[in-house]
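Just so you know, our numbering puts 26 at position 26 of the sequence shown, and the rest follows in order with no gaps.
Don't read these hints as lab results, they were simulated from the structure. Watch out, some of these pointers could steer you wrong.
[As the list claims (entries may be wrong)] Here are the simulated DSBU-like cross-link-like pairs (lysine-lysine), alpha carbons at most 30 Å apart as the crow flies:
| hint | residue 1 | residue 2 |
| --- | --- | --- |
| 1 | Lys51 | Lys28 |
| 2 | Lys51 | Lys29 |
| 3 | Lys54 | Lys29 |
| 4 | Lys28 | Lys54 |
[Stated by the list, open to error] Restraint ranges, calculated between C-beta atoms of paired labels, are given here:
| hint | residue 1 | residue 2 | range |
| --- | --- | --- | --- |
| 5 | Ser16 | Tyr55 | 20 to 28 Å |
| 6 | Leu46 | Arg8 | 35 to 43 Å |
| 7 | Lys54 | Arg6 | 40 to 48 Å |
| 8 | Lys3 | Leu43 | 47 to 55 Å |
Idealized CB from N, CA, C, for every residue including glycine.
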Amino acid sequence: MQKLTRARYCITVAASVALYYVLWRENKKRSSITVDEEERDRLAFLDLTDKENKYFRYVL
1 MQKLTRARYC ITVAASVALY YVLWRENKKR SSITVDEEER DRLAFLDLTD KENKYFRYVL
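Please model the entire structure based on the sequences and the hints provided.
Spelled out as C-alpha cells, the structure:
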C-alpha cells in the first residue's frame, strides 16, 4: 500500500510540474502580444473562456 501511495504522489508532482510549465509558456506567449488597453478593459468582464480572451493570464 505504501508503494502505491508513493507512486501516486510522484505522478501528482510530475503532473503539477508539467501543468506549471504549460501555463508559464502560455503566459509568456500571451505577453508578447501587443496590448490594446481599451480592448483589454472591454473584454475583462465579458463571459469569455481563457482561450477566447487573448489577454487572460494564468496565476502561477
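query: Can you give the numbers of the hints that this structure goes against, from lowest to highest?
result: The structure conflicts with no hint, since it agrees with every one listed earlier.
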